[in-house]
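A.B. asks: Chains as they are written, first to last, in the working numbering: chain A, 1 to 307; chain B, 1 to 307; chain C, 1 to 307; chain D, 1 to 307.
These aren't lab readings, by the way, just hints derived from the structure by calculation. One thing to keep in mind: the hints can contain errors.
Some but not every residue of chain B turned toward chain D, in silico, with C-beta under 7 Å [stated by the list, open to error]:
1) 116
2) 149
3) 283
Under the rule of at most 25 Å between Cα atoms (straight-line distance), these lysine-lysine pairs were calculated in the BS3-like manner [what the hints assert, rightly or not]:
4) A:111 / A:85
5) C:111 / D:111
6) D:85 / C:111
Cβ coordinates follow ideal geometry from the N, Cα and C atoms, glycine included.
There are 4 protein chains.
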Amino acid sequence: MAKDVNFKGVFPILVTPFDDKEVVDLESFVRVVRFMAEIGVDGVTILGVLGESNRMVDSEREELIMAAVAAADGRIPIVVGTSHKGTQATIYLSLMAESLGAAAVMVTPSKEAVPDEERIFEYFRKVAEGITIPIVLQDHPGSTEVHMSGPLILRIVREIPRIACIKQEAPPTPTKVAALISGMVDRRVPVLTGLGALYGMFDLERGSDGYMTGFAFPEALIAMAKAVRAGRREDAWELYRRFLPLIVFEQQPGIAIRKEIYRLRGLLRSNRVRHPGAQLSASAGEQLRSVMARVLPGVDITRPLEL
Amino acid sequence: MAKDVNFKGVFPILVTPFDDKEVVDLESFVRVVRFMAEIGVDGVTILGVLGESNRMVDSEREELIMAAVAAADGRIPIVVGTSHKGTQATIYLSLMAESLGAAAVMVTPSKEAVPDEERIFEYFRKVAEGITIPIVLQDHPGSTEVHMSGPLILRIVREIPRIACIKQEAPPTPTKVAALISGMVDRRVPVLTGLGALYGMFDLERGSDGYMTGFAFPEALIAMAKAVRAGRREDAWELYRRFLPLIVFEQQPGIAIRKEIYRLRGLLRSNRVRHPGAQLSASAGEQLRSVMARVLPGVDITRPLEL
Amino acid sequence: MAKDVNFKGVFPILVTPFDDKEVVDLESFVRVVRFMAEIGVDGVTILGVLGESNRMVDSEREELIMAAVAAADGRIPIVVGTSHKGTQATIYLSLMAESLGAAAVMVTPSKEAVPDEERIFEYFRKVAEGITIPIVLQDHPGSTEVHMSGPLILRIVREIPRIACIKQEAPPTPTKVAALISGMVDRRVPVLTGLGALYGMFDLERGSDGYMTGFAFPEALIAMAKAVRAGRREDAWELYRRFLPLIVFEQQPGIAIRKEIYRLRGLLRSNRVRHPGAQLSASAGEQLRSVMARVLPGVDITRPLEL
Amino acid sequence: MAKDVNFKGVFPILVTPFDDKEVVDLESFVRVVRFMAEIGVDGVTILGVLGESNRMVDSEREELIMAAVAAADGRIPIVVGTSHKGTQATIYLSLMAESLGAAAVMVTPSKEAVPDEERIFEYFRKVAEGITIPIVLQDHPGSTEVHMSGPLILRIVREIPRIACIKQEAPPTPTKVAALISGMVDRRVPVLTGLGALYGMFDLERGSDGYMTGFAFPEALIAMAKAVRAGRREDAWELYRRFLPLIVFEQQPGIAIRKEIYRLRGLLRSNRVRHPGAQLSASAGEQLRSVMARVLPGVDITRPLEL
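Just chain A, same shape as in the assembly (with noise of 0.2 Å):
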C-alpha cells in the first residue's frame, strides 16, 4: 500500500516511451523509472502532459502505472496524473491509480464547461471525496487555459485536506510561490517547480520546496534542491548558471528534445512523440548536442551525473 508521501525534493515528471509505430516502449519505461530510483529522486510523476497523457488510452494508462509501481518496486513514491474532462472520469482514473499502488495523483481542471471558480473547488473536491490517496495540485493555464487565482487555490488548500502538494506552473511562478506560501497560514503544503525548470532557482529563492518537472537531467535538480536545503545557495546557482542553457533549449514546446536525451542517456529506444505532436527536427537534434556538448563536455550521459 502506498504511503504518505513527503512532496519535498524531486519528482521527475517521466515521458512514455513509444517504438516507432507509436506503440507503448514499457521495456524504456521500466528502465527510466528504475534510473530514477537509482539516482535517488524523491518519487517520480507518470502521465503527466510530458507524458502524452492526452493521446494514451485507459488500457494503456493502466500498464503503464501497472510497470511503474512494480519497477519502482516501493523505493520511491508514484504520483500519476489523472485529470480528465468529466469529474467522475478523474475520480475512475484515479481510483485505477490507487488500486494498482499509485502514492497519489496529479489532478489539473478543465476550462469544460465554462471555468467558475466555484465549480473547480467542487471538482477537487468531488475528486478529493472519491479517494484515499493524495493529491497534487496542478497550476499549469499553460496546457489547461484555466488561470486559477491564488485565494482560489489557498482555498481549496485549506479545505481539502486531500490536497498534498502544489505544482506550481503558472508564471510569473516565483510571484505565485511567494504568494501562495505566505497565503498558508493554517495549513501549508509543498510547493514545487515546474515548467521544465526554468524559473527553478527564482521558485527556490521564494521557498517552493523543490521540482516536479521533465528536465532530463534530475541529477541537476536534486543537487540544486540539495544546496539550497543546506544552506548553500552559490552552490546552487552555480549549478542553474551552468545547466540554464540546456534548461532552456529543452523546455521548448514540444516533448521531443526530452525524449532525444532520454534516447541519448540510453534509456529510451526511440524519441518518437505521438501524432499529432511534432518529431524530434534534424536542426533541433543537433543543436541539442552542440548545447549539450558545452554544458556538459566530455561527459558520459549515459550514466547517472555526479554533481
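Since the structure of chain A is provided, determine the placement of chains B, C and D on it from the hints.
C.D. replies: Chains B, C and D only, in chain A's frame:
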C-alpha cells in the same frame, strides 16, 4: 458486419443517460435507441459532444457501443464518436467501435498540438488507414476551436475515400454547405446539419442531405427532410416555423434541457448531467414545459409524434 | 447635456455603414439614426461589436459619435460602445463620448491581462470613477472570451452606482437573466437582451426589460416588448414566432446579412463589411431575400413596419 | 524621409513610460530613445506588445511616434507597431507612422474574424499596398493566438516585396528560423529574434540576423550579434551564459520587470504599467535586484554596459 451506410436522412445524436449518481443508465440508453429505430431514423450517433463523450472513460464507451448495437439489432446503423487528442487513440477507439459492430465513426480534429492544415489532413488520413468502416467528418469549431477551411475539407474528402459524410456545423452553415457542395466535383458525399437543427431549413435549401443532431423531437426533422426531398418545400417550412421556438430554446449551451425533454418523453429516468456540466435550473425546466405546451399543445410526447 | 436614460425598451445596436472602399458613410449612418428615432426606439447604441468598433480608429469614432448625436437631435439617447483593452483608454474613449453628448457608454471587460474577478471589478470601478454618464455593463463572452459569474456581476451592480443597465448575452441567457434579477435585491437595474434577439421571448419571460441588439427590424422588438409590458403575452409570442426564422438567419456569425437588410430597407448605400470581416456571399443574399419574403410577404420594408 | 532600413543587428522594442497616474511620460521616453541611439543599436521599435500598444489611444500613438522620431534625429530608424484588428485601421495607423517619419512598421495578424491562411495573406497584401515604407512581419502566436505556418510566411515574403523582415517568435524558434531561412530561396529577408532573447543564441546559430526584442540590456545583444557575425562564437556563448539568468527572469509574463530595469538604469521615472496590466510585486522587485547583482556585480547600470 456493418453494411455501407447511406448518410442521407436523419441521424439523431444521442444523449448518454445517467442515474442521479452520474452512473451510466444503460436501460434508459437502450430505450432511447429502440425509440429511434421505431420512429424511422436512418441511424443514430452515440458518444458525440451531446453524449458527453469527453466525460466518459473507455470502458463506459465500450459498454455504450455494445448496448447500442444490441438495441439497434441491425435495424439502424450505429455511428460512434471516437475523436481523441491523440491520433493513435482515435484509431484505437475507432477500432473498438468497428469490432463491436458500429457502422461508422464520427471524427473531428483537435487544436493540439498547434493547428496546421497539413497536420489535420494527416490526422484524418491516418485514422482512415487504421480502420475499415466509414468516417463522418465533423466540422464543429464551437467545441474544437479548430477552424477547417472549405478547401481543406474538400481536399480531405477528395483524397480520403473513407470519408463518407460531412457533419457541417461551422456557422454560417448555409454558406459553407453551399460552398462544399459546389466544390465536391469529383466526389460528392452527403452533408448533414448539426447545431441542434437551428439552421436546418436554411441548410436543406442549400443542398444539405439531412440532419445529424440532437434535437429531441427527431420526428420533426424526419418530416422536414422528407418534405424537402419530395419537393414539398412549403410543408417543410411550416414544420420549421412550428418547431423553431423549441429548437432555439433547446439548443442553448448545455445539455440538461435536452435530457429533460427525453425524460419528459419517458425515455430517461433522470436528466442528470455529469459534473462539471451544468444541471437543469428550475427556471429552465419550467420554461421548457411552457414552450413545449405552445409548440405541442395537448400532444402526448411520450409517443412518437405524428407530423 | 445628456439626461438620465431609462434603460427599458428597445435600443438597437447600429451598424457602421461603409462605402465600397470601406470608408465611413456618414450620410447612411445619419439616415439610420433618424429612422430609429422615427420608429420610436428608446435609444440607440453605436460602436458595438456589430458597429465593427474593433476595426475603427479613434477619429472615426469621434465623427460617428458627433453624427449620431446631431442626427438624434435630443429625440433619443445615444449610447456609445467604448470598451478597450486598456482601462485608461476606455476612460479616454468614454470621456470623448461624454463630451460629445452621448447619454451613456457600453463597456465590457477584456481577457487581457489574465482574467481575474478582482481585476474585472477594478476595471469597471475605474471607468465609473473617470466619467459622469451611466454605464451599460455588457456580458458577452462570445466576443470577449471573459466569463463573468453571476455573483461578480451582482457585486459590480451593487457597488458601482454608475452601472445603469446590464446587456445580458451569455447563453443560456434566460437562466442568467432570472438569476441576476432575483439577485439584485438592493439595487435593481434593467437587464436587456442581446444576441440578435434570438432568445428574446425567453428573456422577457424571465423578467428582462427589453432589447439592446442589432436585429434589423426593431419594430418587431418594440412590438414584442410593448405586448409583454401590457400583459398581452400571446401577442408577443405571435410576433416572436413570426419573426423567428428571420432572427435565426440574421444572427448567424458575421455582420454582412444585417447590413444587407439595412441596405434593402433603403438605409445604407452599401452592405460592405470592413476587412478582414466576411462580405455577403451571393448565396446568403439570395437566401435572405427568400426568408424575408416568407416573413414579410408583400411588405414594403423601406417603410417602418406596422405591427 | 525614411531611408531603407537594413534589418540586421539589434532593434530594441521600447517600453512606453507612464507616470504614477498612467499618463504617458514623454520625457522618459525621449531619454530611452536617445540612450538607444548612443549605445549603437540599429534601430528601435515602438508601440509593440511591450510598449503596451493595446492600451493606447491613437493620439497617444501619434505623440509617441513624433517624440521618437524627433529624439532619434535621423541617427537610428524608428519602427512602429501598427497592428489593429481592422485592416483599414492598420493602414491608417501605418500611414500615420509613415507621415511622421517612421522608417518601417511592424504588423501581425489578428485571430478575428476567423483565422484563414488566405485572409491573413490578404491582410498583409492590403497593408502593403496602402503604404510606402517597409513592413516587419511579426509572428507571435503568444499574443495573437494566430499560428502562421511556415509555408504561409514564405508565401507572404515571396509575393509581397514590402515585407522586409520577419520577427520570429513562435517557439520552438530555432527550428522555425532554420526552416524559414532554407525556404527563402527567391527572396531572403532578415529574420530577427524576439521573446526577450530567451532563445537568442539558438536562433543566431540557425541563421537569424539579430534581435528585435525588449531585453533591457541591449548592449548584451549587440555584443552577442557582433560576436557571431565576426565568427567569435565562443564569445557569444560566453555572453549568453552570463546574461541568461537575467534574460529568463526578465522575460516572465508581464511588463513590470522590464520597466523596473529601465527605471533602475535611470531612464524611466516610474515602472508603472497601465491597468489592467500587473504592477511590479515587491517580491519580484527584490528578486530582480538580486539577480542583477549576480549578473552585473558592481556595475553602474545607469551607464552603457561595456562588454
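A.B. asks: Would you pick out the hints that fail for this structure and give their numbers low to high?
C.D. replies: Those not satisfied come down to hint 3.
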